[in-house]
Amino acid sequence: MTVIAMPTDEEPQVTNIAIENIRYITENRVLTSAEASFLTELTILAEPGNRLKTTSVREIAKKLKRSERRTRDLLRSLLRKSILFEGGNQKGIFIHPEIMVVGDPENVPLWLVEEVMKLRQRKEGPAWPLVLMPGRRRGVWRWRG
Numbered sequence: 002m003t004v005i006a007m008p009t010d011e012e013p014q015v016t017n018i019a020i021e022n023i024r025y026i027t028e029n030r031v032l033t034s035a036e037a038s039f040l041t042e043l044t045i046l047a048e049p050g051n052r053l054k055t056t057s058v059r060e061i062a063k064k065l066k067r068s069e070r071r072t073r074d075l076l077r078s079l080l081r082k083s084i085l086f087e088g089g090n091q092k093g094i095f096i097h098p099e100i101m102v103v104g105d106p107e108n109v110p111l112w113l114v115e116e117v118m119k120l121r122q123r124k125e126g127p128a129w130p131l132v133l134m135p136g137r138r139r140g141v142w143r144w145r146g
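If you read the sequence shown in our numbering, its first letter stands for residue 2, the second for the next number, and so on.
No lab work stands behind these hints, which were simulated from the structure alone.
Glycine is no exception: its CB is placed at the ideal position from the N, C-alpha and C atoms.
The reader is advised that the hints may include incorrect statements.
[As the list claims (entries may be wrong)] Straight-line distance between alpha carbons at most 35 Å, and here's what the computed DSBU-like set of lysine-lysine pairs gives:
| # | residue 1 | residue 2 |
| --- | --- | --- |
| 1 | K63 | K92 |
| 2 | K119 | K92 |
| 3 | K92 | K64 |
| 4 | K124 | K92 |
| 5 | K66 | K54 |
| 6 | K124 | K54 |
| 7 | K54 | K64 |
| 8 | K119 | K54 |
| 9 | K119 | K63 |
| 10 | K124 | K64 |
| 11 | K63 | K124 |
| 12 | K66 | K119 |
| 13 | K64 | K82 |
| 14 | K64 | K119 |
| 15 | K82 | K92 |
| 16 | K92 | K54 |
| 17 | K54 | K82 |
| 18 | K92 | K66 |
| 19 | K82 | K119 |
| 20 | K82 | K63 |
| 21 | K82 | K66 |
| 22 | K124 | K82 |
| 23 | K124 | K66 |
[Unchecked claim] Derived DEER-like restraints, expressed as beta-carbon distance ranges:
| # | residue 1 | residue 2 | range |
| --- | --- | --- | --- |
| 24 | G146 | R70 | 36 to 42 Å |
| 25 | D74 | P130 | 26 to 32 Å |
| 26 | R137 | D74 | 37 to 43 Å |
| 27 | G146 | T55 | 33 to 39 Å |
| 28 | R139 | K64 | 28 to 34 Å |
| 29 | W112 | R143 | 15 to 21 Å |
| 30 | T55 | Q122 | 27 to 33 Å |
| 31 | W144 | R123 | 30 to 36 Å |
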């Protein structure tokens, strides 16, 4: 076994994946293989609350070692499919939390759940089998239907 030291100035973040919704994406071919790969890579640029640490296409491309043009195309495509979304209450670009949550999946902030509810009301994005609903202090996971 090899032990790798983590940088001391940055806490490691854990990304929790909503397996049922990832299965839905895969079975229904919601994403191309390039989009799915790009989404996975984006998780390293996300902070708790699912906001991307940077929204500059140039910076994202540089960090992920991709061309700016390809990065722009993939970002645009994921935004169009509501896999990524632009925040209304909070500025930035976010990874849809019903796909993956950076941090504790049992402690999704209410403001993020409200953003998801707005997407759902506008009927943007897939009809996930597992959805987030507002609870008293945080998001609560429920099966659709």
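Taking the hints in turn, this is what the structure says about them:
This hinted pair checks out: K63 and K92 have alpha carbons roughly 22 Å apart, not beyond 35 Å. A distance of roughly 15 Å separates the Cα atoms of K119 and K92; the hinted pair therefore holds under the 35 Å criterion. A C-alpha spacing of about 21 Å is found between K92 and K64, which places the hinted pair at or below 35 Å, so the restraint holds. At most 35 Å may separate the alpha-carbon atoms for a hinted pair to count; K124 and K92 meet this at roughly 21 Å.
The hinted pair formed by K66 and K54 meets the criterion: a straight-line CA distance of about 16 Å does not exceed 35 Å. Taken as a hint, the K124 and K54 pair is honoured in the structure, with Cα atoms around 27 Å apart against an allowance of 35 Å. Proposed proximity of K54 and K64 is supported: the alpha carbons are some 11 Å apart, at most 35 Å. Note on K119 and K54: the hinted pairing holds, with a Cα-Cα distance of about 22 Å set against a maximum of 35 Å.
The hinted pair formed by K119 and K63 meets the criterion: a straight-line CA distance of about 32 Å does not exceed 35 Å. Using a Cα cut-off of 35 Å, the hinted pair K124 and K64 holds, with the two alpha carbons roughly 32 Å apart. Pair hint K63 plus K124 holds up; C-alpha atoms about 33 Å apart against a cutoff of 35 Å. Only pairs whose Cα atoms come within 35 Å are accepted, and K66 paired with K119 is accepted, the gap being roughly 33 Å.
With a C-alpha separation of about 23 Å, the suggested pair K64 and K82 falls inside the 35 Å cut-off, and the hint holds. For a cut-off of 35 Å, the pair hint linking K64 to K119 stands: about 31 Å separates their Cα positions. Between K82 and K92 the alpha-carbon distance is near 19 Å, which keeps this suggested pair within the 35 Å criterion. Of the pairs offered as hints, the one joining K92 and K54 holds, with about 11 Å between alpha carbons and a cut-off of 35 Å not exceeded.
Restraint check for K54 and K82: the C-alpha separation of about 21 Å stays at or below 35 Å, so the hint holds. A distance of roughly 25 Å separates the Cα atoms of K92 and K66; the hinted pair therefore holds under the 35 Å criterion. Of the supplied pair hints, the one linking K82 and K119 holds, its CA atoms being roughly 15 Å apart against a limit of 35 Å. The suggested pairing of K82 with K63 holds, with an alpha-carbon distance near 24 Å, which does not exceed 35 Å.
At roughly 23 Å between alpha-carbon atoms, K82 and K66 fall within 35 Å of each other, so this suggested pair holds. For the hint pairing K124 with K82, the CA-to-CA distance comes to about 11 Å; that is within 35 Å, so the pair holds. Proximity of K124 to K66 is assessed by CA-CA distance (about 34 Å); at most 35 Å being required, the pair is judged to hold. The supplied range of 36 to 42 Å is met by G146 and R70, whose beta-carbon atoms lie about 41 Å from each other.
Checked against the given bound of 26 to 32 Å, the beta carbons of D74 and P130, roughly 29 Å apart, stay inside it. A C-beta distance of roughly 41 Å is found between R137 and D74, which places it inside the suggested range of 37 to 43 Å. Between G146 and T55 the beta carbon distance is about 37 Å. The supplied range of 33 to 39 Å therefore holds. Checking the proposed 28 to 34 Å range against R139 and K64 shows it holds: the Cβ atoms sit about 30 Å from each other.
As the Cβ distance of W112 to R143 is approximately 19 Å, the hint placing it in 15 to 21 Å holds. Take T55 and Q122: their Cβ atoms lie about 29 Å apart, and the range 27 to 33 Å holds. Between W144 and R123 the C-beta distance comes to about 22 Å, which lies outside the given range of 30 to 36 Å.
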